[in-house]
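**Q** All chains should be modelled from the sequences, with the hints used to inform the complete structure.
Okay, so the sequence shown: first residue is 175 according to the numbering used here, each after it adds one.
Please keep in mind that the hints were generated in silico from the structure rather than gathered at the bench.
Beta carbons: idealized from backbone N, C-alpha and C, even for Gly.
Treat the hints with care, since some could be wrong.
[What the hints assert, rightly or not] Label pairs and their calculated CB-CB ranges:
| # | residue 1 | residue 2 | range |
| --- | --- | --- | --- |
| 1 | H179 | E218 | 11 to 21 Å |
| 2 | R225 | D185 | 10 to 20 Å |
| 3 | T199 | L226 | 10 to 20 Å |
| 4 | G212 | D233 | 31 to 41 Å |
| 5 | L180 | L240 | 19 to 29 Å |
| 6 | L243 | A222 | 12 to 22 Å |
| 7 | G212 | E234 | 29 to 39 Å |
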Amino acid sequence: RKGGHLLTTADGRLYGIDHGVTFHTDDKLRTLLWGWAGEPLPDEALTALGRLAVALGEDEPLTTRLAALVTPAELAALRDRVAALL
Numbered sequence: 175r176k177g178g179h180l181l182t183t184a185d186g187r188l189y190g191i192d193h194g195v196t197f198h199t200d201d202k203l204r205t206l207l208w209g210w211a212g213e214p215l216p217d218e219a220l221t222a223l224g225r226l227a228v229a230l231g232e233d234e235p236l237t238t239r240l241a242a243l244v245t246p247a248e249l250a251a252l253r254d255r256v257a258a259l260l
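**A** This is the structure we're talking about:
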């Protein structure tokens, strides 16, 4: 990712723009935000990832909504990536 792929809100929230890699099923090298390379994830990010992992559980509302938009393999790839970050 590049810095231009981020949106910052007035209240300081940071949003990344996805360009088709989050749900991709191929295990391939992904780009990263080099400004944070080698840095540990902050506690706030780990907490958010933990909440996302729970929300991606079977029969959760987010999972149901995503299942209508992506394939089961793509959803599994997302779950795997979240787990790897935790």
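**Q** Could you run down the list of hints and mark each one as holding or not?
**A** Verification of the hints:
1. H179 / E218: 11 to 21 Å: Since the Cβ atoms of H179 and E218 sit about 20 Å apart, the hinted range of 11 to 21 Å holds.
2. R225 / D185: 10 to 20 Å: holds, 18 Å
3. T199 / L226: 10 to 20 Å: holds, 19 Å
4. G212 / D233: 31 to 41 Å: With a Cβ separation near 38 Å, G212 and D233 satisfy 31 to 41 Å, so the hint holds.
5. L180 / L240: 19 to 29 Å: holds, 22 Å
6. L243 / A222: 12 to 22 Å: Check passed, 21 Å falls within 12 to 22 Å.
7. G212 / E234: 29 to 39 Å: Holds: the Cβ-Cβ distance is about 33 Å, inside 29 to 39 Å.
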